[in-house]
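S.K.: Starting from the structure of chain A, add chain B where the hints point.
Residues per chain are reported as follows:
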Amino acid sequence: MLADALGPRGRRRVRLVSVGAMAVIAAVLVIAFRRLADTGQLDAARWEPLTEGAVIRFLLNGLLATLQVASVAMALAMVIGAALALGRLARTPVLRLVAGAYVEFFRGFPLLLLVLFAGLALPKYGLDLPVFWYLVLALVVYNSAILGEIFRAGILSLDKGQTEAAHALGFSYWQAMLTVVVPQAARRMVPAIVSQLITLLKDTSLGFVIAFPELLRRARNTGEFYQNPLQSYFAAALLYILVNLVLSRVARRLEIRQRRRYGAGAITVAGAEDLTVTAVQAEAANPRARSRRAPASRSQWTRWNTWWWPAARPAQR
Amino acid sequence: MGVVVDNAGQYLAGMAMTVALTLVSFSAALVIGTVVAAFRVSPVPPLRTAGTLWVETVRNTPLTVLMVLFFFGFTKLGIQYSAFTSAVIVLSAYTSTFVAETVRSGINAVAKGQAEAARSLGLTFPQVLGRVVLPQAFRTVLAPLGSVFIALIKNSSIASIISVVELTEVADRLNNETARPVAVFLGAGMAYLLLTLPSGFLVGVLERRVAIKR
Numbered sequence: 125m126l127a128d129a130l131g132p133r134g135r136r137r138v139r140l141v142s143v144g145a146m147a148v149i150a151a152v153l154v155i156a157f158r159r160l161a162d163t164g165q166l167d168a169a170r171w172e173p174l175t176e177g178a179v180i181r182f183l184l185n186g187l188l189a190t191l192q193v194a195s196v197a198m199a200l201a202m203v204i205g206a207a208l209a210l211g212r213l214a215r216t217p218v219l220r221l222v223a224g225a226y227v228e229f230f231r232g233f234p235l236l237l238l239v240l241f242a243g244l245a246l247p248k249y250g251l252d253l254p255v256f257w258y259l260v261l262a263l264v265v266y267n268s269a270i271l272g273e274i275f276r277a278g279i280l281s282l283d284k285g286q287t288e289a290a291h292a293l294g295f296s297y298w299q300a301m302l303t304v305v306v307p308q309a310a311r312r313m314v315p316a317i318v319s320q321l322i323t324l325l326k327d328t329s330l331g332f333v334i335a336f337p338e339l340l341r342r343a344r345n346t347g348e349f350y351q352n353p354l355q356s357y358f359a360a361a362l363l364y365i366l367v368n369l370v371l372s373r374v375a376r377r378l379e380i381r382q383r384r385r386y387g388a389g390a391i392t393v394a395g396a397e398d399l400t401v402t403a404v405q406a407e408a409a410n411p412r413a414r415s416r417r418a419p420a421s422r423s424q425w426t427r428w429n430t431w432w433w434p435a436a437r438p439a440q441r
Numbered sequence: 179m180g181v182v183v184d185n186a187g188q189y190l191a192g193m194a195m196t197v198a199l200t201l202v203s204f205s206a207a208l209v210i211g212t213v214v215a216a217f218r219v220s221p222v223p224p225l226r227t228a229g230t231l232w233v234e235t236v237r238n239t240p241l242t243v244l245m246v247l248f249f250f251g252f253t254k255l256g257i258q259y260s261a262f263t264s265a266v267i268v269l270s271a272y273t274s275t276f277v278a279e280t281v282r283s284g285i286n287a288v289a290k291g292q293a294e295a296a297r298s299l300g301l302t303f304p305q306v307l308g309r310v311v312l313p314q315a316f317r318t319v320l321a322p323l324g325s326v327f328i329a330l331i332k333n334s335s336i337a338s339i340i341s342v343v344e345l346t347e348v349a350d351r352l353n354n355e356t357a358r359p360v361a362v363f364l365g366a367g368m369a370y371l372l373l374t375l376p377s378g379f380l381v382g383v384l385e386r387r388v389a390i391k392r
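Same order as they appear, the protein sequences are chains A and B.
Each residue of the first sequence is one higher than the last, beginning at 125 in the numbering used here.
Each residue of the second sequence is one higher than the last, beginning at 179 in the numbering used here.
This is chain A alone, in the form it adopts within the complex:
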């Protein structure tokens, strides 16, 4: 293992580069703070409103609205997504066609367009709902298409022998699907679902454009009222990051555990960026599952650590 460790010269160089990098980072921070101070953005008057109970409650209620929209939309999208996935895999051509067309159509749609459509077109055609439901509707239409793809990929990832065995035991198509295939496939989908939940949660901020009072909209209100848009948006960003960090940790944990257990790859869907990334992180954390090479006894970055400079001395055992 010593062959992988850095020699004295390598360590010295790493230290040197570290100091340089730290100096650059410090310089950037100093310039940023200077800028903030020079433009008066660090003044207590601009940050003080964010410490007032009423403002904090106002913003947290926005976060609550965000979470409500996200959970209602997620629940509905999962039901419709499941129906779409089963439809695409059904034996009836009409079902396959309809479900397939829905998924392909809405997957390539920007969500903002759907939100605008729901918020601007539907009221005109007599569908008078609270703004909450317009936002939920747009989120459900888009996310059910993506979740439909996730579910389908999850079901297809299961070994065909499972269905065949069920049929051999006399199960009908739907019996086999619902009692044998879906329960097993569901486990494989969990990380991808959590990861899609993160995307959905971020996307609720589009309620901003149709004046739904979620976190971002309320941050704008605060910023306009107290003349501190920078600070208010910053607070909103912080809250989003906090919630999403927790969720992405969960997604990553689940993905890694799943890989260890089933050795199955992550489920990805084209055009969905967060899904790509969960798959990627799991791979970085556990590359063996994919490449099936000899077990790596070191973590990924220590492996990289050894590349810094050519070996300064011969390997020792």
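These are computed hints drawn from the structure, not numbers from a lab.
Quick caveat: nothing in here was measured; it's all calculated off a predicted structure.
We put the CB at the ideal spot given by N, CA and C, even for glycine.
One or more hints might be untrue.
Derived coverage of chain A by chain B (criterion: at least 3 residues anywhere in the stretch with Cβ under 8 Å from a Cβ of chain B; other residues may be distant) [what the hints assert, rightly or not]: (1) 156-165; (2) 272-279; (3) 329-336; (4) 353-360.
Which chain A residues face chain B? A few, computed with CB under 7 Å, are given here [claimed, not checked]: (5) 145; (6) 241; (7) 245; (8) 247; (9) 326; (10) 369; (11) 370; (12) 397.
Using C-beta positions, here's what the derived DEER-type ranges look like [claimed, not checked]: (13) B/356 / A/152: 45 to 51 Å; (14) B/304 / A/153: 24 to 30 Å; (15) B/380 / A/282: 47 to 53 Å; (16) A/184 / B/387: 36 to 42 Å; (17) B/209 / A/152: 15 to 21 Å; (18) B/180 / A/381: 51 to 57 Å; (19) A/184 / B/371: 37 to 43 Å; (20) B/263 / A/154: 23 to 29 Å; (21) B/180 / A/163: 21 to 27 Å; (22) A/381 / B/304: 31 to 37 Å; (23) A/171 / B/263: 25 to 31 Å; (24) A/302 / B/308: 34 to 40 Å; (25) A/385 / B/223: 50 to 56 Å.
M.R.: What follows is chain B alone, placed relative to chain A:
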């Protein structure tokens, strides 16, 4: 659909703007993302930390928040650019985090022996990474990168919040003028499909040409 045909010129201009936003932002995101990925696998602790912080904070903030924070918040710091430039900056920053994670997975998928061989030939870390590992890494992650690209086409619609006149903004304005929301938004949706579907196809072709299956 008459509205769409009558205003085909506006739609085309909107599409051109969407394409411009996407291409410029993606090129920038590729560069930033690759550098961040290199930071994250480098043996220098401050660079690794900086890379991780960048990815975790930017990726977990909604793009909408980044857009308004930059366009309406940073002006207070005297950082002021045109709507297009601002949109490109925000879209590249956001997309760079996804590119970085994707490239990092590609790096990790390259066989260990490649790096060891390069190192034993006397290459330094930047040389190992730039000449041996990254070229192979990119070829493995073509499909996920294509996915990020398609997501960016869709994400570019958020530039309409700061009034960049791309497809979504064109549709929004036409809707205000003509009050024919169904046709107007459907037209824009079709225009997006015209961009996303061929992109998916092209990525597929490119992948079959150069990708390494592992």
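S.K.: For every hint, state whether the structure bears it out.
M.R.: Hints, verified against the model:
1. Proximity of the region 156-165 of chain A to chain B, defined as three or more residues with a beta carbon under 8 Å from a beta carbon of that chain, is established by the 4 residues found.
2. Look at the region 272-279 of chain A against chain B: 0 of its residues bring a Cβ nearer than 8 Å to a Cβ of that chain, fewer than three, so the hint is violated.
3. A stretch counts as covered by a chain when three or more of its residues have a beta carbon under 8 Å from one of that chain; for the region 329-336 of chain A and chain B the count is 4, and the coverage holds.
4. Proximity of the region 353-360 of chain A to chain B, defined as three or more residues with a beta carbon under 8 Å from a beta carbon of that chain, is established by the 5 residues found.
5. With 7 Å as the threshold, the beta carbon of residue 145 of chain A comes within range of chain B, its nearest partner Cβ sitting at about 4 Å, so the hint holds.
6. Hint on residue 241 of chain A holds. Least Cβ distance to chain B is approximately 4 Å, under the 7 Å limit.
7. Using the Cβ-Cβ criterion of 7 Å, the hint placing residue 245 of chain A at the interface with chain B is satisfied: the shortest such distance is roughly 3 Å.
8. Below 7 Å, beta-carbon pairs count as interface contacts, and residue 247 of chain A has none with chain B, the closest being about 10 Å; its hint is therefore violated.
9. Here the hint on residue 326 of chain A is kept, as its CB sits about 4 Å from the closest CB of chain B, short of 7 Å.
10. At its closest, the beta carbon of residue 369 of chain A sits 6 Å from a beta carbon of chain B; the interface hint therefore holds under the 7 Å criterion.
11. The criterion of a C-beta within 7 Å of any C-beta in chain B is not met by residue 370 of chain A, whose closest approach is roughly 10 Å, and the hint is violated.
12. Of the supplied interface hints, the one on residue 397 of chain A holds, with its beta-carbon coming within about 4 Å of a beta-carbon of chain B, less than 7 Å.
13. The hinted window of 45 to 51 Å between residue 356 of chain B and residue 152 of chain A holds, with their beta carbons roughly 48 Å apart.
14. One distance hint, 24 to 30 Å for the beta-carbon pair residue 304 of chain B and residue 153 of chain A, holds here, with the actual separation near 25 Å.
15. Hint check: residue 380 of chain B to residue 282 of chain A, Cβ distance near 31 Å, so the stated range 47 to 53 Å is violated.
16. For the hinted restraint 36 to 42 Å between residue 184 of chain A and residue 387 of chain B, the CB-CB distance of approximately 52 Å leaves it violated.
17. A hinted range of 15 to 21 Å holds for the C-beta pair residue 209 of chain B and residue 152 of chain A, which are about 18 Å apart.
18. A hinted range of 51 to 57 Å for the beta carbons of residue 180 of chain B and residue 381 of chain A is consistent with their spacing of about 55 Å.
19. For residue 184 of chain A paired with residue 371 of chain B, a C-beta distance near 39 Å keeps the hint of 37 to 43 Å intact.
20. Taking the beta carbon of each, residue 263 of chain B and residue 154 of chain A are about 25 Å apart, inside 23 to 29 Å as hinted.
21. A beta carbon spacing of about 50 Å between residue 180 of chain B and residue 163 of chain A contradicts the range 21 to 27 Å that was offered as a hint.
22. For the hinted restraint 31 to 37 Å between residue 381 of chain A and residue 304 of chain B, the CB-CB distance of approximately 36 Å keeps it satisfied.
23. Distance hint for residue 171 of chain A and residue 263 of chain B: a CB-CB separation of about 29 Å, consistent with the stated range 25 to 31 Å.
24. For residue 302 of chain A and residue 308 of chain B, the hinted distance range of 34 to 40 Å is not satisfied, since their beta carbons lie about 52 Å from each other.
25. Residue 385 of chain A and residue 223 of chain B have their C-beta atoms about 33 Å apart, which leaves the hinted 50 to 56 Å range violated.
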